[in-house]
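Undergrad: Chain by chain, the residues run as shown.
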Amino acid sequence: MALLGIITKEFYHIMRDFRTLIILFLMPLLQMIMFGYALNLEIQKVEITIDDFDHSEYSRQLIRAFQGSDFFEIISDDNQDLEVQFFKRAIRGHLTIPNGFAKNMNANQPTQVDFMIDASNSNDAILIEQYAMQTLLHFKELIGVKQYVPVEINQVFRFNPELKSTYFMVPGLLALLMIMITTMLTSITLVREKEMGTMTLLKISPLHSFEIIIGKVVPYLLLSLLVGTIIVLVGVILFQVPVRGSILLLYFFLLLYCLTGLSFGMMISSLAKTQQVAMLFALMSTVLPTLILAGFIFPLAAMPKILQYISYIIPARYFLIIVRGIMLKDNTFIELLKPSLALIGFSTIFIIVSTKKFKTYLEQ
Amino acid sequence: MSEKIIQLKNIAKRYDNIMALDHVSVSIPHSAIIGFIGPDGAGKSTLMKIILTLETADEGEGTVLGNSIETKKRAIRRHIGYMPEIFSLYTDLSVEENLKFFFQIYKIPKSQYKEKMEMLYGFNRLENFKTTLAGHLSGGMKQKLALSCALMHDPKILVLDEPTTGVDPVSRAEFWKMLNQLKSEGKTVLISTPYLDEAMQCDYIYLFHQGKILKQGLPDQIISEYEIPFYQIETRDPIPAMKKLQRSQLHARFYLIGDTIHCAMLTKAEPSVLEMKKIAGNEITIKKITPTLEDIFLDLLERPGEINDVK
Amino acid sequence: MMSNDALTIQNLTKKFGTFTAVDNISLTVKKGEVFGFLGANGAGKTTTIRMICALLEPTSGEIELDGLSVLRQPEEVKMRIGYMSQKFSLYQDLTPFENMEFFSEIYNVAPEKLAEEKENLAAELKLNNLDNILTKELPLGYKQRLALRTTLIHDPPILFLDEATSGVDPVGRRQFWDQIYELSAAGKTVFVTTHYMDEAEYCHRLSIMDKGKIVQTGTPAELKDKFDVSSMQDVFLQAIQY
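For the record, the sequence lines run as chains A, B and C.
Counting in the numbering used here, the first sequence runs from 1 upward without gaps.
Counting in the numbering used here, the second sequence runs from 1001 upward without gaps.
Counting in the numbering used here, the third sequence runs from 2001 upward without gaps.
In case anyone wonders, no lab produced these hints; they're calculated from the structure.
Each hint should be verified, as a subset may be incorrect.
[Unchecked claim] Pairs of lysine-lysine residues, derived as BS3-like cross-links and limited to a Cα-Cα distance of at most 30 Å, are as follows: (1) K1130(B) <-> K2143(C); (2) K1073(B) <-> K359(A); (3) K356(A) <-> K1072(B); (4) K203(A) <-> K356(A); (5) K2113(C) <-> K1130(B); (6) K1212(B) <-> K2143(C); (7) K1287(B) <-> K357(A); (8) K1114(B) <-> K203(A); (9) K194(A) <-> K1107(B); (10) K1156(B) <-> K203(A); (11) K1073(B) <-> K1009(B); (12) K1243(B) <-> K1187(B); (13) K1287(B) <-> K1244(B); (14) K2113(C) <-> K1243(B).
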């Protein structure tokens, strides 16, 4: 009865604050479109030049393979200085086919071509390298040589054969937006009551601390799930990201993840004095770490050890593994046990700490 | 009137280095309107919060309705209604939604809902504004709504922290009518105000200053028993006259009220009319007046030596 | 020939649609007078003040302030008005001096005058750190006095105090009023609105407004005599026939 009272009241707050509501639903949509289209990590038409010192049938075949690829655009080499070309960003790659290329191939000898890549943007460089490898593979198929096919290339492209960046953007955005929204929502809602003075009235009422917490969490949990659904739907409809695993499992983890964020928000609000402080802290403590340290955009394995250790306390890191696992790999619960345990651990710690803190606040 | 429902002895409370309450004792009967009067930071709100068990006293002890303020917080909170100094209702909820919310969180049986609402609407006359958002109500109506919410669980004691600040005189008159009605129903109302015209409407007042109680008693009694005589001086050009009087060696304080000069003697002695005329001019007229509570309050502050002699 | 009146209002009316907020009021305030303006919420006080300050155009009627027509010379009128309300119009995150500097910029106050005002404020508050303490750190009573000083920085002949003492304790209020009397003695006209009837007693003369009309005008003593009551609260309630 009293609990229902709080839940109803929170829903009124949510429904009447139209601006926040719109931001809440528009923000994920805009972010998705921004990350999905504007920040598209797939690059096309990478300008390259080619130096062919072999002038053989094989070297011409290789050049044709690069010409036929959507990724590369060969621009004519006017004997300009390579350094200048790279410097002006006129080209982003340069292929050198050495003399003796065809000879070595015919003799079944290991053969090398040199591929120089502009690595001023390391992400692009990695992608260009992968495209070059793929083109090389294509070339080998073309000429019927099989023995040098590197095994690793096959692995790189599993679960995402076209290397679509949206495939890992959508789970990443889900992780980012959900933690941000949930943390922000709860951190503000309690501080607002403190600021308005209504918290005092709740304090002297016969309400128990758990009633206030649950009454506050339930509406925002539902709201967050709704936002999560929108993100997944946009991903599936707009970007054709598959959900290969169980939807039920996905929702289970979404719920768990939201709980982590909501209880983290509660923790913030027990410390913050004003809504601005709470909001800023919620944003700072969720957005940046999730963006940088959760393996969302930057691969964790490439980071210094210290950052890798820090990444273990970022809930999004585990959620990302889970979501990618469910959406792209059809993982089962057992296969996701380790990251799930981590997530459950986080939720439990946050909930215990925040209710304890809140309880002492209420009863002091 | 003999039975005291709030009894506090030697309460002290310190914030950092400021003595918010400096060993204060109060003893409050039921069915009365009790005024806590004094400037900001005098300790009124702190004492109210200690009674509400929202703050814990550093020293001293006390009971509210027979329950210890230290150990029986929940029991006390059940019987107290509180209206904080700032308007503390949900401004984005309607009148009815606010009332319903407080009905629910006080865990009153649902069967009583209709009866309760009828009773409260009859009391606050806000029925026509049921669906108005609380934030859109006028100052006076907000206060009535806040009072109604504080009354939801039928508390024996009502604690109102400066409820009429910024409220217009008509609404204030209505608000006081409501308080008197509550008193006649047997409730005890604790009200704080910086305005001394409101103090006159209380049954018993405590005058606070710097964490201490300067004076207490029935308002009329405080005025009639005040021993320092007050005079009113009328003259055509009051400001120069007042300046002359202030510079003189007379044992009195002079200050302006409208276009007359008020004079509070520093001792119980009568003033020398002749001497005043000599200083301020012959055309002045002097007559003895009954001081207002405000005159007395400000006069008490001018006499730091006597502040400690509190009874 | 200088007139002795600081403010004259003649047959002033303001209608919002079919609702008449101010209904044909006339009023004269003399120079140096402390004039009270009382009324319940919605009585038309605020609308009247907004029209006097040239913030709102009247439906009909004339207002003359310090010899200027409010309708025809609104900008000149604004320079002659100081306005202070219950909500501090000061920047809490600036120092008191920075607040003064800002307002003197707005009103084109000469630097010498600003320096003098700063000195006066420091002497009045007995504080010498007014350039490195934030306004929000000042006690309420001090903020009030800072607000008053700032309101007066361009030396306006007429001062509007719109519920300026709401929430201020008796001691702070008395000090505030001592200052008001000083200003009045120095020839400034002070126009006061308040909800508190003990403050109404402090005014030289006052008007009571009800439902858009001025229902009573007189000195506090005259009005108390007229209704044969002892307090302004009773005068007020009888005047509006509550």
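Undergrad: Now tell me, hint by hint, if it's right for this structure.
TA: Status of each hint after checking the structure:
no. : hint                  : verdict
1   : K1130(B) <-> K2143(C) : 39 Å, violated
2   : K1073(B) <-> K359(A)  : 14 Å, holds
3   : K356(A) <-> K1072(B)  : 21 Å, holds
4   : K203(A) <-> K356(A)   : 15 Å, holds
5   : K2113(C) <-> K1130(B) : 55 Å, violated
6   : K1212(B) <-> K2143(C) : 25 Å, holds
7   : K1287(B) <-> K357(A)  : 64 Å, violated
8   : K1114(B) <-> K203(A)  : 26 Å, holds
9   : K194(A) <-> K1107(B)  : 22 Å, holds
10  : K1156(B) <-> K203(A)  : 18 Å, holds
11  : K1073(B) <-> K1009(B) : 17 Å, holds
12  : K1243(B) <-> K1187(B) : 49 Å, violated
13  : K1287(B) <-> K1244(B) : 19 Å, holds
14  : K2113(C) <-> K1243(B) : 27 Å, holds
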